[in-house]
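Given chain S, put chain D in place with the hints provided.
Chains S and D supply the protein sequences, listed in that same order. Here the first sequence is numbered in our numbering, starting from 6 and rising by one per residue. Here the second sequence is numbered in our numbering, starting from 347 and rising by one per residue.
The set of hints was computed from the structure by calculation and includes no laboratory data. Heads up, some of the hints might be wrong.
[Stated by the list, open to error] Where chain S lies over chain D, by a calculated footprint (3+ residues, C-beta under 8 Å): (1) 1207-1216; (2) 1240-1249; (3) 1291-1305.
[Stated by the list, open to error] Below, a list of computed lysine-lysine pairs in the DSS-like style, where the Cα atoms sit at most 25 Å apart: (4) D:Lys643 with S:Lys324; (5) D:Lys693 with D:Lys1339; (6) S:Lys454 with D:Lys1269; (7) D:Lys687 with D:Lys700.
The beta-carbon is built from N, C-alpha and C at its ideal position, and this holds for glycine as well.
This is what each chain is made of:
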Amino acid sequence: MKHPATIAAALALTTAALTPAFGQDLTHPAPPQENTIFLVGATLHTAAGQIIENSVVSFAEGKIGIVGAADEVMPRILLTDDTEIIDVSGHHISPGFIGSVTRLGLTEMAAVRAQRDFNEVGDATPEVRGYVAVNPDSALIPVARTNGVLTVGVFPTGGLIPGRASVIRMDGWTTEDHAIDRDAGVIINWPRMRPSRNRFDQPSNDAEERIQERIAQLDAWIDNASAYRELRAADPSTPADLRLESLTTVLPAQPRGQHQNPVFINADDYDQIVAATNWAAGHDLNAVIVGGRDAAMCTDLLKSTDTAVIVTGVHRFPKRADSDYDDAFTLPARLEAAGVRWCLASGAEAGHERNLPDNAAMAVAHGLSPDAGLEAITAHAADILGMGDELGTVEPGKRATLIVTTGHPLEITSSLAHAFIDGRKVDLTNKQTKLRDKYREKYDRLGIKREED
Amino acid sequence: MNNVYPLALMLSAGVTLAADPLAPRPNGMQPSHPSRILLDNATVHISPGNTLGPADILLDNGRIVRVAGVIEPGQGPAAGAKVVDAEGLHVYAGFIDAYVPVDTPAPTAGAPGTHWSALITPQRDALAGDGLPESDAKKLRALGFTAAGIAPSSGVFRGSGAVVSAAEPHDDPSLGHLPVYHADASEHLGFETSHWSSGNYPTSHMGVVAMMRQSFIDAERRAGTSNTDASCLDHIDPDALMIYDSVNPLEAMLADKVAREFGHNNVAIVGSGNEFKRLEALDTAGRAVIVPLVFPKAPDVFSVGSADATSLDDLMSWEHAPSNARYLIERGIPVSITSSKLPKSQKFWDNLEKAIDAGLPADDALAALTTAPAQLLGVSEQLGTIEQGKVANLIIASDDLFDTQADATILSLYIDGRRHHLADPEDTRFDGAWTVDVVSIDYRSRMEIQGESITFIEGTGENETTNTARKVKINENSLSFVVESAAGDDAIASAKLGPDGVLRGTTITPHQTIVEWTAIKDGPLESNEQDKEDSQSESTEPTNAPSGAPFANYTVAELPEQGVFLLTNATVWTQSDEGILENAWVLVNNGKITGVGNQGFPRIAATMIDCTGKHITPGLIDAHSHTSLFRLGVNESGQAVTSEVRIADSIDPAHINWYRQLAGGVTSALMLHGSANPIGGQSQTVKVRWGSHKPEDMHFEGAATGIKFALGENVKQSNWGDDRTTRYPQTRLGVETIMRDRFTKAAEYGLAHGIIKDTPRSGSFFSTQPPAGSRTGGTPPRDLELEALAQIIAGDRLIHCHSYRQDEILMLCRIAEDFGFTIGTFQHGLETYKVAEIVREHAIGASMFSDWWAFKVEVQDAIPYAGPINFEAGLMTSFNSDSDDLARRMNAEAGKALRYALESGIEMSPQDALDFVTLNPAKQLRIDSRVGSIEPGKDADLAVWSGNPLSSMSRCERTFVDGRQLFSLEQDQQHRERMRAERARLIARVLEKGKPEPGDADETEPDDLVDPGARTTRRSLLAQAYERALQEHIEHGTQPGDCGCNLLPRHLLGLELDN
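So that you can see chain S by itself, here it is in the shape it has in the complex (with noise of 0.2 Å):
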């Protein structure tokens, strides 16, 4: 995710023809929610502005029941049989771990060609749906389930418009079961507003000119759906176009009872930025900057348009070499204390999002508050994706869908002691826990073990 251009352009141009390998995990889905649990003792950090110590969270049929302080909900509960109450003092509660720009269950091991579902040929295709090949028997989604990543949005790539975003939860027999939202917003890659300054592409005097062609491009594919929805509207019998109907879910206006899907719009650059946030607010569309390296340059433009912007990833470089060194570390905080709606994504390959909350971390330990943190990788996630009713904080009538970890959740120390997808209680092991404990086993059967120094 870091160059996506780059990235897009090799993977279009690589020809290689790979023998298939098929990562493929043997961990079983977890069976719904049978009975109420009740999480007693541990420190519960809501992502809803509270922190609650020897807390209490319960949960049944998927959903959050109480929460609250141990000492002052537990005697008035009345517990009955099937309640079942999961000692969890000297653990951390919080949501789970949301990774909102993702391409998990669409690619396996990148290097496979065969393995790579996620960009579609042509340019514009709105039509394509990021659920639709998520592999449930992914390797990696368990693996990152392991570290608390429980919701990722699923993003294709590629393209003036790769597709939509579908936003999953990392458990299930089916897609089906794994989606929670299909259609969660369309993604539109910004076309480049200044001519590289790298040495390497050929300078041309109609630079200037294609850019403003691309952008014309997005304004009519926005206008023809606009245009599409009305004829459509008044003439049902009009001929369907799928592209097009694909893109009438983000336009404004939308029929009464369902609500206006964002634009996920991947942009870094400050004139991006700036060009892509006006453009959306031109056409009434609900913009979300996606990468942002340069969004703390346009905080007011960002705030007074109501534009959010999904960081991905800290752990990239700074833009210029004389730039502050810690530049992107920083990111987060600066735009949090400007007041900008935002999370954070990982920027990491499939196999790496398990790595998601070290990126929030990282931008604690670099002026970011631990709350704000997990914010930015649980509730604020939820609202940009669009989930915030149902998920991203650990509040009553939410989804039960939350971890139980050893230390602060943000803490590389930690690890999960439990983990919950609406209620349903996850196998936290994973082809990779499995072939710990085979060579283990060997090293047991053959007696080495260190020699104490």
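Quick look at chain D alone, frame taken from chain S:
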């Protein structure tokens, strides 16, 4: 046309030549024109700093005969001389361009005596082809150059160069060839690689340098014996002037390094124009530099986005480049100025004037164009000054060429005594304000003439109207033009200036009306003075040469002191038996740790640093780094075995990622060759000494030497594309055999050379060898490839082997066993956890990614538990970065060791976890006697953390290397303030100068990049995609998972292959 002389030559300087035995006899009349010329009454710039004037110069037969205040014409040596009136003119010695690359025929491949590599052609001769083509000579003459040091233009050993005349060739062949002033002036070298797409050795700079070394060694050996066979290497003369072409200062530094290794003292560098970025390094090298006048254009800072994207380096380069030559001269480096390498959009004299305006003294400029190149190329006896006996190569200029206000023009050149006309003196006889009278109709008007611009002005003030003439022609005293008449017709006018100063003219209209008129000059035009003042205001104070290192970014003006520091009240992770000490102190003195404890700190005069609430750890050690290598190449992918190349030749101490890693607490790193080859290049252990001028300044003194090996997909080219299927090996089977083959050869070689002692050795190989003393067949020639491999067997060089799968890991262990050596590390070694009990017997340890996986087939079984399992099984393991990004947060990688151990119920202490990035890599690199723990006597390489170093929420706040505080948040703040102020000042300066002309494309090299495909003409889309990716690598270094396999077009990965 054959025997018709150009008029100018006939009139001025027919040359009488001694019969040239190489020239044919004349086919007709034999001309014998007088050749004496007396330049009369000129300002004569005899040599830099020595001007005589007015003075006369007498030329005869192509030589300068006399220079004196007055030489009487018609007498003595001046008898019969043609007198040229040079009053008011300036005369300079003809300029010499010390570096003019020319096309030279390449030797036929495979011919006797040729080298297998087409890049090694020391036998080439710049004179063998067309020499200096007239088309090039003409361009040189237009700039004032009369002689050129021509050089074969391509290759590594390029061949010999010559100093030749830039005169126009004679039309009459009987007059002979143009003079060659020095037929064998120089040997030329350059760092030319094969294009990456060819896959031919060498694809990298380190490959080029290795080839240079081997060639010098081979040439030396041949020189010491009598040979009658053919070898191009016999053309390599260690005492000759060796001129290395460089496209950036890193190459210049490499040239100096190679020259020092071989004791070559007579070495010069053709610069890039960027020398100002590495002045101190080049100063210590002290080599003469031939400087091109390549100046970057003003950066585009005319929008918020583009201003913010403009680097400080670009801004500073724009300001400093015009002073490049001056900075070098100020440091006493001999400088010649060349017109070569100039971007198409730039003009030599424009830039020379910019350099002078930026403070280059006129005498230094003249010297850099005359005496300095003459001396460098060994032609001082003949060229460079206006002195008796020297070749009559002169520049005749209308004014002082080096006075940028003077508007001087080069009017003509004398080359070998022959006049070459360049421009007429500017004709100003008509310039001025005139009053025009038409007597017949009693009409009066004003006329202003400036050069070829004629304007008629009628009326005054508000009623003033102007009428500009067209088609103006001025020839001597005649003038003609077309002007619109009052009736709106075009009238044609012609006029002639009489000896009385009256201009008498006639105008004829389309209706054939004829009007006669006269004009009288009233005086000069008024506006001229104003122009001059404007242009004067442009010159600014000369800038000071940039000092410190590196250029522009986080520059260290002066290396901080190795003082006495006492860090107190900290939690100290000693990584020794002392464990983790609370409320403890560390004493640093003169670069070493001299004490550590938690009982009341010593009373000593020291800089006290209160570390309350902080943690102190040893500086982190990254056992797998490619930082800064991408500019010059990280892989020599031209061959499967490249143990002769040295990664040290690729290191750039100025790369910004060093600073970023230092700010993450990293103080030492193992620099590794990539993994394109089963047997890669030699590694280099460095300390992160930010502020180093030279790559060598970063070398970890006394560190064990190492070498990169690689196994699996990369070396068998699995991911390089379907067309790469011919290089051995293509399977893991072949990887084993090529290694056994080379080790066998290396063992034989090492025994013969005494690198491997002939004593009884372990390993099955040696049991099959003849007993000591019974070896037959002499010592083979020195071979850098086998030498490095023999050192491995001898135990003097550690293998660091890129590896993934357990089968291949086991395979290398068995080879090590058979040849009786211990492996350094299995790098990545992702499946060492499956064979830890064997690896621990044959290698010092494993140096791994903490948790990378899933990017290619052979990493399917990589698991984050591998480090903890190895730990539990007694296989010493470190975590490395292999990534410029990850290297900024290696402390958190140690945190992962602890996390995955605890998650698995593996007993590991926090100190054990931190060992993964401190003591363990130190042991694996055999530098643990110096670094890796906080113990008295060790180097004071320390990192101070805001909290627990294993926490991803802690940050590094200070870093010491060798007891110097090279990073702290306070120092960093100072850097930021300086850089911001400098940016602001320079952006303001650019804005002041106004917007650049549209279409003024910047053709200079941005920064000092190497273009690996500089000589390709057609770039495919694929190549562009690759090159964009390469650019990303140059700027940002490696990224998790992309240093080789995932993100680049696979079959183009030759240069970047790793992990």
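Hints, verified against the model:
1. 1207-1216: Since 5 is at least three, the answer is holds.
2. 1240-1249: Per the Cβ count (7), the hint holds.
3. 1291-1305: Result for this restraint: holds, n = 7.
4. D:Lys643 with S:Lys324: holds, 22 Å
5. D:Lys693 with D:Lys1339: holds, 19 Å
6. S:Lys454 with D:Lys1269: Measuring from Cα to Cα gives roughly 20 Å; hence the hint holds.
7. D:Lys687 with D:Lys700: The hint holds at about 17 Å.
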